[in-house]
Structure formats: structure tokens, C-alpha cells
Amino acid sequence: MSHAHGSPSPVASRSGTPLKGRIRVPGDKSISHRSMIFGLLSIGETRVEGLLEGDDVLRTAEACRALGATITREAPGRWRIVGAGIGGLTDPKDVLDFGNAGTGSRLMMGVAGSHPITSTFDGDASLRKRPMRRILDPLTKMGVTVVSEAEGGRVPLTLRGPKETLPITYETPAASAQIKSAILLAGLNSPGKTTVIEREATRDHTERMLRHFGASVEVVPHGADGRAITLQGQPELRGTDIVVPTDPSSAAFPLVAALITPGSDVVIEGVMMNPLRTGLITTLIEMGASIERLNERDEGGETVADLRVRHSRLTGVTVPHARAPSMIDEYPILAVAASFAEGTTRMQGLHELRVKESDRLAAVAAGLAEAGVEHEIHGDDLLVHGSGGKVRGGGNPVATHLDHRIAMAFLVMGLATDQPMTVDDGAMIATSFPSFIPLMRELGATIQD
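Mapping the sequence shown onto this note's numbering, position 420 (from 1) lands on 420, and the numbers just tick up by one.
These are computed hints drawn from the structure, not numbers from a lab.
It is possible that part of the hints are untrue.
[As the list claims (entries may be wrong)] Straight line, CA to CA, 27 Å or less: simulated DSS-like cross-link-like pairs of lysine-lysine: (1) Lys163 / Lys193; (2) Lys20 / Lys390; (3) Lys141 / Lys163.
[To be verified] Restraint-style ranges between C-beta atoms, simulated for each label pair: (4) Asp225 / Gln419: 38 to 44 Å; (5) Lys163 / Glu236: 17 to 23 Å; (6) Glu236 / Gly394: 39 to 45 Å; (7) Ser216 / Thr446: 50 to 56 Å; (8) Ala224 / Arg354: 23 to 29 Å; (9) Asp265 / Glu342: 17 to 23 Å.
Only a predicted model underlies this, so the values are computations on that prediction, with no experimental measurement involved.
The C-beta atom is built at its ideal place from N, Cα and C for all residues, glycine as well.
Given these sequences and hints, build the entire structure.
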């Protein structure tokens, strides 16, 4: 039973003291999902340190168990996975219930669908609204049969894999690391070469981890901003060790909280600095944010740094559409930062926000309206007319639509508004950032659940 079926748990935040101190946010969600998946597809033992133990990742772990992996939690954040190997997956005895996990469900469709087994995918009310056709279309070209599906290619849906998966060359219709990753993961169990062509480069954790586990992957430029990624099928992946760097998408919340709360001075430790994930930091620095990179180093194949963030006077900017793939999950919290900036911030090309956990574009706009922030939606662009530092806040509880990032964004906003902010439900924050409220309180935030 998914958390989303329980009764709502409203949460409120209000302004108070400056935020001070050092924190480390949880491990990166994208890499945590992939750690479980690559552990399943490898021969031998994979050890993971710093795994994000949010509900989304735990759902992926359960699915990997159901498909044949042996998975043990040895200590907080420390996990051991003994894989089944490519081609070694077993028929799951039950439905694979992914709760709210869009990434986990879509990547696992590529994994399970490419094996000669039958698997059924389902999730909570939010996941059941999310489109899966963009994943199913390339998988069917690879020989996967969609046995059944809810209207519009949504879960619950059942896949039956072919005796042998076909390698394909596929140009993704949208800038989506999930589409790319599902195809590459399916390509692992096909002979020959599978190629994914992206018109805009998206986060590259799958490619990096494929190499880390022993696969042969070639990445070459394609067009002005894109890449072509070619995978040699049927490698033997070998279990290995992974240190999960901290999640830049989670770090975004205390980071923006420090920028908008007067007198704040916060250090966030070990944040991943992968250039395909740091669009928000680039944007905030353009707006005038005081963000210092300290102690840059390598963790688990990724560059990380400690970020020192201090309260700053922000100015509105235009955020180009080409930056969207590197900050797609950070637009709700950017909209909050933009509310406190001087002038207008224009975020261009946000179509992908309409197919996230909620219609995030509509949900952000509704939250801004409750807080008294002037804004407009022009097509797929969001314009936020900043107040220069003073935001009213208050209003009715912000409707989160079971979306963890909407909940956290507007709780951060409430730390600097004239009146407290309330979100209608904070339960789903556990999907990606279970320690969000205690960590924010550690810095001095006033959040009441």
C-alpha cells in the first residue's frame, strides 16, 4: 500500500531566525535508483554507500528483489546487492508496485521488458496519471509486448519480453534521461549495438554507471546541443562498489532557503557538481546568489563540492530552454527564489513540467497565487514578477498534488514570507528527502508538522 493512500498531513513553515550551520543532504536519487538496477544486472556483489533510503528508491529495491537480486541493508545508507546478471531475471510473483517513483518504474520497464518474462507495473494515484507511452514506444520497437495498459499508456500495465531483444537506433522525442536510460537498459540484453540520439544532452548517470560496471559505451556529439550514445549489447556487468554523492535536487531546498532568509550562512556538504545537474546553481549565480564551491573532490565517479551559501539580493533573469534538462526538477524551488528577486524571471520551455509527479507548472503557479506572487504562464514559459525581497505568503494551504518537490518548495518559501505558508500534505516528502524537516530545523528553520 503506497503512502499516498493515507490521510493528508498538512505542514506549515514561518519566518524566524537566520539559517546557520553545516548539513549533508541525502544521497542522489538518480544514482541510488541506478545502483540497485545495475546491482541486479551484474554478476557478483555490489556494495553501495550513501544510498538514499527514500520511498522511491526502496520501491526500486523491492522490484529488483522480485526479479532475482539478493539485497541486504547492512547499516543506514549501506547496502549489499548480489545480482542475477543480464539474461538471468526471473518472473516476479506479484505486481511491481512503484508507489510514486517515476524514475524507478520507467527504468525498470526497460530492464524487465527486455527479458523473456512477464511483469506488471503499478503505483499510487500520482504515478497512475503519468504518461508511459514515451517509454513503451521504443520498447515495442525492441520486441517488447504491451499485454495490457491503462488508458493512454499508463500504469497499471503488463509487459512481456521477447526471446531476444532487438537493438535499435532511436531519437528521443523529448529531452528525457528516463527515456534514454530505459532504452539503454533494454539494450543490455540485445545483441549488437543500441544507439540513442538526443537533440539536447540530458543527465548522463546511466552512461557513467554502465562504464563503471564494465559495459562499452560510446558518446559522440550530435548537432548543436545533442549527443549520440551507443551501447554494445550483452556485456557481462561485474558487481562493484559505489559511493552515492549527495543529491543536487535535494540540496536545492536548503540552498534557496539560505539565499532568501536574511542573515543566513549555510554549508551544504558533498553536493554533486555534474554539469548536467547544476543548471539551478548556474542560474542562481546569474541572479546574484552568493554560492561558493569549497573542497572539490571525486566521489563515486562524480565531482562533488561543499557549497557555502549566504543570504543574497537576487535579480530576475531569463533562463533559456536549453538549460531545462540540467535543472528540470529544480523549477519549483527556482520559482520560489524568483519571488524574492528584483524584477522578472522568465523560465523558458517548461513543457516537461506538465508530465512530472503532478502538472508542476500549474501546481507552482497555484502556489505562487496563494502567496500573493505576481506571475504569468505564456505557453510553456513561466514568468515570476519578483517583489525585491518581500513576499506576503499566507493564503490557503498550497495543493501539493502528491508532489514532494511542490511541498518542499513552498515550505522553503514560508521561511521568508510575512505570513506562514502551509502545504496540504507533507507525507510524500519521504519519497525523495525523508530527513528534509529535521535537517531544516537543524539549521534553525521553523517548520511544524
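Going down the list of hints, with the structure as the test:
1. Lys163 / Lys193: holds (17 Å)
2. Lys20 / Lys390: holds (21 Å)
3. Lys141 / Lys163: holds (14 Å)
4. Asp225 / Gln419: 38 to 44 Å: holds (42 Å)
5. Lys163 / Glu236: 17 to 23 Å: Given about 20 Å between the Cβ atoms, the range holds.
6. Glu236 / Gly394: 39 to 45 Å: For glutamate 236 and glycine 394 the Cβ distance comes to about 59 Å; the hint is violated.
7. Ser216 / Thr446: 50 to 56 Å: holds (52 Å)
8. Ala224 / Arg354: 23 to 29 Å: At 25 Å between Cβs, range holds.
9. Asp265 / Glu342: 17 to 23 Å: This hint holds: roughly 21 Å between Cβ atoms.
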